[in-house]
Structure formats: C-alpha cells, structure tokens
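Once you've looked at the hints, dock chain B against the given chain A.
Number of protein chains: 2
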Amino acid sequence: MTQMIKARAGKITEEMEMVALQEGVTPEFVRDGVAAGRIVIPKNKNRNRSKICGIGGGLDIKINGLMGTSSDRDDMEMEVRKIQAMEEEGASAFMDLSMGDHINEMRKLSLTMSNIAVGCVPVYQASVEAVEKRGLMVNMTSDDLFSVIEQQCEEGMDFMAVHSALNMDLLKILKKTGRTADIVSRGGSLMTGWMFHNDKENPLYAEFDRLLKILKATDTVLSIGDAIRPGANADSLDQSHLRGLMVAGELTKRALEAGVQVMVEGPGHVPLNHIPSAMLLQKRLCYDVPYYILGFLATDVAPGYDNITGAIGGAFAGMHGADFLCYLTPAEHLGLPTEEDVRIGVRTTKIAAQAANVLKHGTAWDRDLAMAKARVARNDEEQIRLAINQANLTAAFAKSPSHGCAVCRDTRCPADVAAEFFGLA
Amino acid sequence: MTQMIKARAGKITEEMEMVALQEGVTPEFVRDGVAAGRIVIPKNKNRNRSKICGIGGGLDIKINGLMGTSSDRDDMEMEVRKIQAMEEEGASAFMDLSMGDHINEMRKLSLTMSNIAVGCVPVYQASVEAVEKRGLMVNMTSDDLFSVIEQQCEEGMDFMAVHSALNMDLLKILKKTGRTADIVSRGGSLMTGWMFHNDKENPLYAEFDRLLKILKATDTVLSIGDAIRPGANADSLDQSHLRGLMVAGELTKRALEAGVQVMVEGPGHVPLNHIPSAMLLQKRLCYDVPYYILGFLATDVAPGYDNITGAIGGAFAGMHGADFLCYLTPAEHLGLPTEEDVRIGVRTTKIAAQAANVLKHGTAWDRDLAMAKARVARNDEEQIRLAINQANLTAAFAKSPSHGCAVCRDTRCPADVAAEFFGLA
Numbered sequence: 001m002t003q004m005i006k007a008r009a010g011k012i013t014e015e016m017e018m019v020a021l022q023e024g025v026t027p028e029f030v031r032d033g034v035a036a037g038r039i040v041i042p043k044n045k046n047r048n049r050s051k052i053c054g055i056g057g058g059l060d061i062k063i064n065g066l067m068g069t070s071s072d073r074d075d076m077e078m079e080v081r082k083i084q085a086m087e088e089e090g091a092s093a094f095m096d097l098s099m100g101d102h103i104n105e106m107r108k109l110s111l112t113m114s115n116i117a118v119g120c121v122p123v124y125q126a127s128v129e130a131v132e133k134r135g136l137m138v139n140m141t142s143d144d145l146f147s148v149i150e151q152q153c154e155e156g157m158d159f160m161a162v163h164s165a166l167n168m169d170l171l172k173i174l175k176k177t178g179r180t181a182d183i184v185s186r187g188g189s190l191m192t193g194w195m196f197h198n199d200k201e202n203p204l205y206a207e208f209d210r211l212l213k214i215l216k217a218t219d220t221v222l223s224i225g226d227a228i229r230p231g232a233n234a235d236s237l238d239q240s241h242l243r244g245l246m247v248a249g250e251l252t253k254r255a256l257e258a259g260v261q262v263m264v265e266g267p268g269h270v271p272l273n274h275i276p277s278a279m280l281l282q283k284r285l286c287y288d289v290p291y292y293i294l295g296f297l298a299t300d301v302a303p304g305y306d307n308i309t310g311a312i313g314g315a316f317a318g319m320h321g322a323d324f325l326c327y328l329t330p331a332e333h334l335g336l337p338t339e340e341d342v343r344i345g346v347r348t349t350k351i352a353a354q355a356a357n358v359l360k361h362g363t364a365w366d367r368d369l370a371m372a373k374a375r376v377a378r379n380d381e382e383q384i385r386l387a388i389n390q391a392n393l394t395a396a397f398a399k400s401p402s403h404g405c406a407v408c409r410d411t412r413c414p415a416d417v418a419a420e421f422f423g424l425a
Numbered sequence: 001m002t003q004m005i006k007a008r009a010g011k012i013t014e015e016m017e018m019v020a021l022q023e024g025v026t027p028e029f030v031r032d033g034v035a036a037g038r039i040v041i042p043k044n045k046n047r048n049r050s051k052i053c054g055i056g057g058g059l060d061i062k063i064n065g066l067m068g069t070s071s072d073r074d075d076m077e078m079e080v081r082k083i084q085a086m087e088e089e090g091a092s093a094f095m096d097l098s099m100g101d102h103i104n105e106m107r108k109l110s111l112t113m114s115n116i117a118v119g120c121v122p123v124y125q126a127s128v129e130a131v132e133k134r135g136l137m138v139n140m141t142s143d144d145l146f147s148v149i150e151q152q153c154e155e156g157m158d159f160m161a162v163h164s165a166l167n168m169d170l171l172k173i174l175k176k177t178g179r180t181a182d183i184v185s186r187g188g189s190l191m192t193g194w195m196f197h198n199d200k201e202n203p204l205y206a207e208f209d210r211l212l213k214i215l216k217a218t219d220t221v222l223s224i225g226d227a228i229r230p231g232a233n234a235d236s237l238d239q240s241h242l243r244g245l246m247v248a249g250e251l252t253k254r255a256l257e258a259g260v261q262v263m264v265e266g267p268g269h270v271p272l273n274h275i276p277s278a279m280l281l282q283k284r285l286c287y288d289v290p291y292y293i294l295g296f297l298a299t300d301v302a303p304g305y306d307n308i309t310g311a312i313g314g315a316f317a318g319m320h321g322a323d324f325l326c327y328l329t330p331a332e333h334l335g336l337p338t339e340e341d342v343r344i345g346v347r348t349t350k351i352a353a354q355a356a357n358v359l360k361h362g363t364a365w366d367r368d369l370a371m372a373k374a375r376v377a378r379n380d381e382e383q384i385r386l387a388i389n390q391a392n393l394t395a396a397f398a399k400s401p402s403h404g405c406a407v408c409r410d411t412r413c414p415a416d417v418a419a420e421f422f423g424l425a
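In the order they appear, the protein sequences are chains A and B.
Counting from 1, one number per residue, gives the positions in the first sequence under the UniProt record's numbering.
Counting from 1, one number per residue, gives the positions in the second sequence under the UniProt record's numbering.
Hints listed in this document are in silico derivations from the structure and should not be mistaken for laboratory results.
Among the hints, erroneous ones may be present.
Treat identical chains as interchangeable: a pair holds within one or across any two.
To be verified - Pairs of lysine-lysine, DSSO-like flavour, derived with a Cα cap of 27 angstroms:
1. LYS200 / LYS51
2. LYS172 / LYS373
3. LYS175 / LYS373
4. LYS283 / LYS172
5. LYS360 / LYS51
6. LYS373 / LYS176
7. LYS253 / LYS200
Chain A with its partners taken away, still in its complex shape (with noise of 0.2 angstroms):
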C-alpha cells in the first residue's frame, strides 16, 4: 500500500499528518493531494527517518541537494560531509550520483547518515556495473538494470529519477529536427548510447509495467527523468522538449493508475520568456503531478554562477508552479562541487524558493513581514533568528555592533538624525 493508494482509501498516514504541520494546511488537504497525485511523500517503507516532507501543488516549494562519489574523485567522507551539510543548510532531499567504485557503500551511508529524503539514479549504477561485468556499459541487459532498481527500492530509496521517458520516436525526431546541444541528460545519454547500440527500445519505456510494479513495493516516488531535456536556451520548448513532456505525461498517467506517487524532472535551460508556457504545459500534460526541475537557467554564459543564474529561473518557475527545486552550485559547469560548493548551492536555491513560496502568503511570507518589522526594530538579535544564513548574519552584525539604519548599519546616519523629526519610525 502507497501513500498514494492508502490516500485512496480515505486514510490519512502519519506522514500526511505530519506533512500537514510542517505546511499549515489540514490532513485532508494533504491526503487529497496525495490521492489525486498533486503531492508526493518520498517515504520508503524499508527505511525510517523522522524528517518528512511532501512535494506538490498547495505546500511550499522543497530543494534538492546532489552528492556522489565519482570516477575523478571517488571520496566516500567527502560526500558524507556533503550530506551533513546540505540536511544543516535546510535541503529536505538529496540524491546519491554515485559512480565511484563503492556505490553500495556509498549508498548505505546515504540512507543511513541523513535524516531527510534520499533518490538515486539507477542508471548510473546500472552502467558502471555493465562495464564492470559485461566490459562495456552497452552491454548492459534489461535485467540487469531492473535489478538495480529493485535492489537500491528495497534498501530504502525515497524517490527515484528513471529515465523511462525517452524512447525511439523522440531519439528519431530528435535527429530530423535537431537542436543546439542534443542530449545532455547523463541517463539519457547512456540509454542513448544502448538503444542505438543494440537497436532496442528503452527498457524503462518498454517495461514500464515492470518499473511500476518494482517502485509499488517499497512506496519509492518515481521521478521520470527528463532525458531529452533541452541543455542550451536555444533548445528550449522546441520540439524534443514537448514531444519529452508528452512521453513524460503518458507514463505519468500510468503511474498514477498503479497508484504509484510520481514527479517528472524538468530542465535544465529555459529563457524568462519560456518559463510561464513551459510551467503550464507541464503540469497540463502530466496531470498536474508534481514538477522537480534543475534550475531553471536563466542564462548559459554565467558558469561559476549557475547556483544564481538557477535562482533566477527557479524564483519564477516557482511563481508559476515548480514544486521541487533541484540545487545548483558554483560547480555546474566547472567541475566536481566541494563541501562549500553545496553548502552555497542549498542556500542559493532557499533564496529562489522564498521567493516563490512568500507569494502564498503562508509562512515564508510571514517571515519576510516579520524580518522587515525587524529592521524597523533594529533588532539584531530577531533579524538573526529570520535570516537565511543565521551565523552569516551573527558574524556580520558582530563586525559592526550598530544600532543604525539596517541597511548599511552607519553609526551616524543622518536617516537616523531624519526619522527623529518624522516622528513614525
């Protein structure tokens, strides 16, 4: 029994209550949601934890961290910090990328040093296991993909980003129209790689019944990967990318009739102008799922910046829907991210997500009202306890001890001298 078929049902779990306070709303609402595929719980049954959260349309927009150890830098405690850091700086859930050479262990640890939802992408390890048993990774049987997937269900992942949305019509039309940057999901590519290789269909696509079934056991959230998203504004909402939406919504449909809770990723690179039709036509072709999306990049010449240039296109997609922001770092584009990298990259995207969140006038917005009543206050200690980066704020506030004007904090501001006479302050 899922969140979603127990919602079904008329029950509401302990985790829609609890979800239910986190947001203000009622269980009702939560379970509603749930049942109908608004919101998804990412809560494997085979793993306990005591930080839920629901993703979806109603509650406050959520951010997602990446680690995972790779081939060039292949650092289990490394990564173990990263996931101390991104559950401190406020992410509600984190995916292990691992493709080192323990992606077992480096999972284990995953799911057992973190206290917030965990997903995967069993592509990943499914093709660094082809190459290691079968030499190459196309060599890879549809078998043995599945069998990832059921294991890393059944050791506790939350949610899951399977690249099922990509199959031979997109590939070939794909090819006939063409774009800037074709495929730059690294699943999408791999599964790229396989299918014109072995000159199959996709597996996820093809035996999608299977997936489902694997997902259903442990309640683990599908996430369907968007493997043909575009990478370059110049791609975005063209052909590939709807015709990707539509795959997307054919197998969300069957998600929700399996009663298995499902999300559907989302780019990646898409200009201002695109963001309110690339909303809408998301959630009206995938049934108003959740929308978990990577950015969006506002610009493509910013790297070093895509954590801001992300913000910016994850702010508005947020106004106009996003449920789920996947983090960026100073690191995309660049390299591997460090330990400072993700703590920036989940502080960044909360920026992006308060942005969006303070319009639905619930917590997020108080908080804004409650920090400018502060500022008038000139309370120090009331500005700390509001603001994003709490010992930022400490430390900063401790190098100039005023009690000025709180913007620039100049001890003889003639504001000050002004508001005296003004008699409102």
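Below, chain B alone, put in the same frame as chain A:
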C-alpha cells in the same frame, strides 16, 4: 543644448552614434528614443570620456554600481579601487554616495579615475555640509541644496538622483495609511526630516524648475529619486508607492517638456508577483522614460545574499521593461561593502541583466547561443571568451583540463561513451 533637444531638432550626435553601434541599432532609432525620452545618454558636457552608454527602451539593460566614503569608513583609496573594480567587471555607470570628510576630493577622483558614467545624490553632500556649517542638517537652506547641485553638475556629474518626488501630500498619505517600513530611502528620510522640522514643502519639489535649469545647462540626466519606495515586500504597491510614482510622473512630464533627460528610480523590495504591474504602472505613469531600479529584492530574509535576491527580481523586472539595474552587493543590510563585495555585486547583476537581455534576441542571445555551441564542441577557449567571469573559468578549467562533458568535466563520463553511438554530437 541637451542630447534630447538636439535629437528633437533631428540631429544625430556622436554619442547617439556610439550607442547605436554598441547596441546594433540604427542611429535614428537612438535619436528618436532620446527625443521621445525613452532613452537617456548620461554624458555631462563638462566631462570627457570615451565609454558612452545609452539606457532605455529597446537597448540592452545596463548596470550601475555604488561607492563612496562614509563617516564609518573614510578611505578614498579603497573607493578608487572599487571604481576600478566596477569598471573592470563591466558596470556602465556608478554613483558616488560619499558622505565622508572629503566629498569634493572624492568626487573629483570619481570623475577622473573612471571612464564610465558617474552619478551622485546631491542631498547627501548638502546634508553633510549643513551639519558642518549650520550645526544641524535641518538648518540646510534651499539655496545650500541648489548650490551643491550646481557645483556637482558643473564639475561633470553625468546623472544625479534628486529626491523631488516627495511632497507634503505624500507624507500625509503615508501617515494616514501606514506601512511596515515607512521610509527606507536615505535621501527621502533626510528630506522628510527637513520638511517636518521646518514645516516647509520639499524644495526639490517646490523649486523643480530651478533644478531643471541647472541640469539642463550641463545635460546632466535627472534620475528622480524614489524617496518613498517600499522597503519591505509587505509595502510594495501600497498607496504610498503608487502615489510616489504619480508624483514622479508629474515631474517627468515637466522634465521632458524642458528638454532635460530624465529617468525614474524605483524600489527596493517588490515580490515577484507584483513585478509585472509595478513595471507597467511605472512606464505608464512616467511617460515611458527609463526605469532605474534597486533590486527588486524578491525576499526580505536573505541578508548576506541580497546580490542574489536582487538578481532574481532584477532579471524579472528586466523582462518586464526595467532599463537600468543598480547592483546590490552581499554586504547589503550587513554593513559597508568591500572591494570584493563590489566585484560580486557587479557580476551578479550582470547575470540578471543577461537573463533579461537574451529575450531580445540580440547580442546577448547570440552570446548564450555561442556558449551552448562551445560546450557541445568542448571548446574551452571559446567558453572562457564568452563567460561572465573569464578569470574564474580559466582557473577552473586549469584545475580540470578534461575534454569531457561540459557539465562536470568528468574524464570518464559515460555520457561521452554513449555520444559515440548517438552520432549526433
């Protein structure tokens, strides 16, 4: 003869030609924009410099930085380094906000050490001098204020924030209707104090023709200061905000009639869902003259990251027609910015401007597209050439000199393997 008066006479000045060349538009387009007031070209008659920029409708969004001494940190050498940093990073203009002990000397340095447009806020200097000469800021006379304005214009100031859009009617309305953070504009607060203490109308409003005459003589662009701007999301688009815009509109019309180049300043704190209306009303009420904004800050709770908060709102405002973005640094709401803060501020604001500029499908779009192509081609040199921060990318690439995928530059990225089979890359 101001640029505007020349444009109205059908003349295409050297400055208009330079703007046209930079922007890839015709000189006639620039001339007609200047004649109508949609475009300003800040260029004081008494100051020679080679870098000219146009600001306004149909042109790329420009960026303004800030610097200046204060009573808390009166270090002119540091401020000169900030000027150099801003210019290096690509600001089109900056404002000297000095309120330290050597305002005149600092201004001379600002004007001679830079090759971009310089602006200032005359009420700052006037209030410091009033304290020196007359004991209290509120003892400042109207003549004191206009004499500072005249001096600054004659010395070469290219544009000037003048807090004219503040009058007794506005303050009465603010007192009646209330808001969270009454007045957060420093200039607005100074003038409010002066008005209440002296029980007199704001001379910058009451003697507006006197102001126009001074500005016209040197073709200094009037930037109508937003004295009553919202300083909290909760105050955005309130009655005072809108009435402030209306007073700015009334004065804008008079400036246009007088042939004085004019732009209007704006907030500040504006939530994302207010931006389309805020921009539309500003342009509507202020005769489509350029809009110069500080922010907009999309949330109040991110002190230490207001460069990012401002980039989110700034990009969105840019999409809706903002023409000139004043940068925010990470020091906003914390203290006085360092040279490094200044660099980060310009870079972050450049990203916001680029995110909006790409939507025009001009040079900014071409740059985004070229970057995407360079990534596909794995052309490191070209990626560096196109990046917002070249030095940063050069350093990052030197650390991971891989020719792997442009996302994380993993040397053994399996996506590379797959790409061979795809045959598209």
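Hint-by-hint comparison with the structure:
1. In this assembly of identical chains, the alpha carbons of LYS200 and LYS51 never lie at most 27 angstroms apart, being 41 angstroms within a copy and 59 angstroms across copies at closest.
2. In this assembly of identical chains, LYS172 and LYS373 lie within 27 angstroms of each other by CA distance solely across copies; the values are 21 angstroms between and 57 angstroms within a copy.
3. In the homo-oligomer, the alpha carbons of LYS175 and LYS373 lie at most 27 angstroms apart only across protomers (17 angstroms), although the nearest pairing inside one protomer, at 56 angstroms, exceeds that limit.
4. In this assembly of identical chains, LYS283 and LYS172 lie within 27 angstroms of each other by CA distance solely inside one copy; the values are 25 angstroms within and 47 angstroms between copies.
5. Proximity of LYS360 and LYS51 under a CA criterion of 27 angstroms is satisfied intra-copy only: 23 angstroms inside one chain copy versus 45 angstroms between copies.
6. Taking the closest pair of Cα atoms, LYS373 and LYS176 come within 27 angstroms of each other only across two copies (19 angstroms); inside a single copy the shortest separation is 58 angstroms, beyond that limit.
7. In this assembly of identical chains, LYS253 and LYS200 lie within 27 angstroms of each other by CA distance solely inside one copy; the values are 24 angstroms within and 69 angstroms between copies.
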